[in-house]
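Engineer: For this one, chain G is given, so just place chain B on it according to the hints.
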Amino acid sequence: MAEQAHPPKNNRSILHSIAFRNIAYQLLLVAALAFLGWYLYDNINENLDRQNIATGWGFLNEPAGFDISESIIPFDSSQTFARIFAAGVLNTLHVAFVGIFLATLLGITMGIARVSRNWLVSKVASAYVEICRNVPVVLHVIFWSSIIRLLPHPRQALEPFNGAFISNRGLMLPFPVDNILYPWVAFALVLGIGGALIFARWARFRREHTGQYISVFWPGTSIIVGLPLLVWVLGGAPLTWDYPALKGFNYQGGISLSPEYIALLIGITVYTGAFIAEIVRSGIESIHRGQIEASRALGLRHGFIMRFIIIPQALRVIVPPTASQFLSLTKNSSLGVLIGYPDLVNIGNTSLNQTGQAVEAIAIMMLVYLTISLTISIFMNFYNKLVAIRER
Amino acid sequence: MRKFLMAAALVAFASNTIIGAEPAHAADGPTLTAVKKRGELICGVHQGRYGFAIADKKGKWKGLDVDVCKAVAAAVLGDGNKVKYIPLGSVQRFPALQSGQVDMLSRTTTITLTRDSALGLNFGPPTFYTGTGFMVRKKLGITKVDQLGGAAICVFPGSTTEKNIAALFKSKGMKMTPVVIENSKELVSAYMAGRCDVLAMDQAGLPGHQQYDAKTPSDHVILDGVYSKEPLAAGVRADDDQWFDITKWVVHALFNAEEWGITQANVDKMKASKDPNVTRLLGATGNLGKKIGLGKSWAYDAIKAVGNYGEVYDRNWGPPLNLARGVNELWTKGGLMYGFPMK
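Chains as they are written, first to last, in our numbering: chain G, 3 to 394; chain B, 4 to 346.
Treat the hints with care, since some could be wrong.
[Said to hold, decoys possible] Example chain G residues on the side facing chain B (calculated, C-beta under 8 Å, incomplete): (1) Arg52; (2) Asn252; (3) Val339; (4) Thr352.
[What the hints assert, rightly or not] A few chain G residues that don't get close to chain B, going by computed Cβ distances all over 10 Å: (5) Ala21; (6) Phe68; (7) Ile75; (8) Phe87; (9) Arg208; (10) Gly228; (11) Arg309; (12) Phe310; (13) Ser326; (14) Ser336; (15) Gly342.
Hints in this document: simulated from the structure, not taken from any laboratory.
Beta carbons: idealized from backbone N, C-alpha and C, even for Gly.
Bound-form chain G, shown alone (with noise of 0.2 Å):
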């Protein structure tokens, strides 16, 4: 009996091995996905081989033969597949980081107004949040367009000031004729920002060694923007517009951006900015009163006590959320095929019907996107990483 209950060891079989269990368990998983991949792979090919419907990446380099409305690249029709998918992950990644910035603004900007003891401020930002977050993305997109194709055709456009014009066609903006100078106005601009960087750090290391308190804001801001400035001015300050004008149809020259981006980047900022919103207020008012009536006992500023105290332990809350909320804006700059902006979708979808090659279109745009998500949830651990309180 005594042996049955505790058998030696060397009876055991391998079976009931926990180490051997565990690695078997995960074999097997591992060999049922594989088998379960190649089933799909096998079975899409099959099926397309039977239909005779044509497969490969051979399209990729014939020419497209249709336009696209904008571009960051040069594109033209006699220019091959891969490019205008080139010129739609720009399209998207243009449209995704610029909405990501102004997300974030606007999102910080209306959470901590929301926590605001100004009651208006307060009741403009709750409306703003519970207005655009309540209102699905896809009709944000769609109103917007809506409103900019209510506005006047180019040749009664608005002019807000000199060189500027609003129509349906979108925004035109005066914009610099560029001069040999200005690639070292952005040389300067660079050492600028990495010096304001390093004094920012020396200003830091010296609070944490001697406690006295430097601020970083006006000696920064003076670095950023005065060595570019210095440049400009001593390479004789060199400065021509070039004007919109309307010729023909539309107008030429200067800066445009198209009601299809503007329409788009505003419907996705602002939905995404109502939930950056909750997630701030969400991480200010998870740190607890009693810190902050402490920091004033100790006769702390507002401004003070929101940046060193308040904020720091604030964004281990906030920024593991908003990474999600990147990754659902850009994700959501797919909705431009419903009013025209040419984004990788877009270009996707109409190459996808040129071409009739359905499994390598979609294929294309999965593996896009996930490249972008993962890269974005890269950065955003990373910077979580940096951020994070460590525990002492």
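Structural biologist: Relative to chain G, chain B alone:
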């Protein structure tokens, strides 16, 4: 051990089920079998294009493409109303047909070499010939395409029009901005709201939008001339030859009916015609239908349901659209519609 065995059994069971779901290999006439079993033809049509396919206020579909679906349904099932219409965008249409979501695609689709080959489709005889046309606002004072340099042009994505205008403007050394929206209502309203200077599509599609979608139709003009060849035809999957034959010969039956003077009204009387061509077509003599897997009265049923090609044309393109038949006339009257021998 028991757990392990259960897991193994589970995996084996799962893989069995998956293998069991392997696609069935093409038997004889899978589409015909499926349509008969279902008792209904599923037809992919345009989401809304006047003259081709548009749902009226009661949700009833009308148009030339719709009548082609009805004729096929009548030939196969004996009843032209046994059709389920699936409105498809220009981008969804081919995957919908390839995947078997629809039995046939009768949706203003141009036959091109790529579509015929790389898409794994077959196209029947063209039921309508048209070409890329342009509509502009009258007050712009434009009379020809050469004056459109720099214009914003509203166009459907994935259409042949999209490629035509790119090639046309390139060949003329002009620039243009395509505004590409898939939803047909959104696209037309973008033009009407002034987002685009030009609405480009198959010319035959333009009169309908001018008549019904413009606030004041006379504010818009359709430019003269067509700038491409667009033979529109019904498409089917290439892996079902019998079904391809059915859709092809139903269309030829409509052409021949017009040529031989068979109409919706006189089709019963014509069964007793002295012309052996007519009696063979209507199934009064011989059995042509059997050769394509249908009943004796297939062509009779199709003509009874929608009339001959001329009647179909007049019903959909007569007043108020009033589109002249032009090349869509019978070959005997100088057009391109030519019914193949019914023998």
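Engineer: Taking the closest pair, is the beta carbon of Gly342 (chain G) still more than 10 Å from chain B?
Structural biologist: violated (4 Å)
Engineer: Just double-check Ser326 (chain G) for me: nearest Cβ-Cβ distance to chain B has to come out over 10 Å.
Structural biologist: holds (29 Å)
Engineer: If we take the beta carbon of Phe310 (chain G), is the closest beta carbon in chain B still more than 10 Å away?
Structural biologist: holds (50 Å)
Engineer: With a cut-off of 8 Å on the beta carbons, see whether Thr352 (chain G) makes it to chain B.
Structural biologist: holds (4 Å)
Engineer: Let's test the interface hint: is any C-beta of chain B closer than 8 Å to that of Arg52 (chain G)?
Structural biologist: holds (6 Å)
Engineer: Quick check for students: does the CB of Ser336 (chain G) sit more than 10 Å from each CB in chain B?
Structural biologist: For Ser336 (chain G), whose nearest Cβ neighbour in chain B is about 13 Å away, the distance exceeds 10 Å, so it holds.
Engineer: Is the nearest Cβ of chain B still more than 10 Å from the Cβ of Gly228 (chain G)?
Structural biologist: holds (41 Å)
Engineer: Would you assess whether Phe68 (chain G), listed as outside the interface, keeps its beta-carbon beyond 10 Å of every beta-carbon in chain B?
Structural biologist: Incorrect as stated: the minimum Cβ-Cβ distance to chain B is 5 Å, not above 10 Å.
Engineer: Taking the minimum C-beta separation from Arg208 (chain G) to chain B, is that value above 10 Å?
Structural biologist: holds (56 Å)
Engineer: Just checking, Phe87 (chain G) versus chain B, shortest CB gap more than 10 Å?
Structural biologist: The claim stands: Phe87 (chain G) keeps its Cβ more than 10 Å from every Cβ of chain B (closest is about 15 Å).
Engineer: With d taken as the least Cβ-Cβ distance between Ala21 (chain G) and chain B, does d exceed 10 Å?
Structural biologist: For Ala21 (chain G), whose nearest Cβ neighbour in chain B is about 14 Å away, the distance exceeds 10 Å, so it holds.
Engineer: Please check whether Val339 (chain G) passes as an interface residue: C-beta within 8 Å of a C-beta belonging to chain B.
Structural biologist: Since the shortest Cβ distance to chain B is 7 Å, the answer is holds.
Comparing the model with each numbered hint stated earlier shows that hints 6, 15 do not hold.
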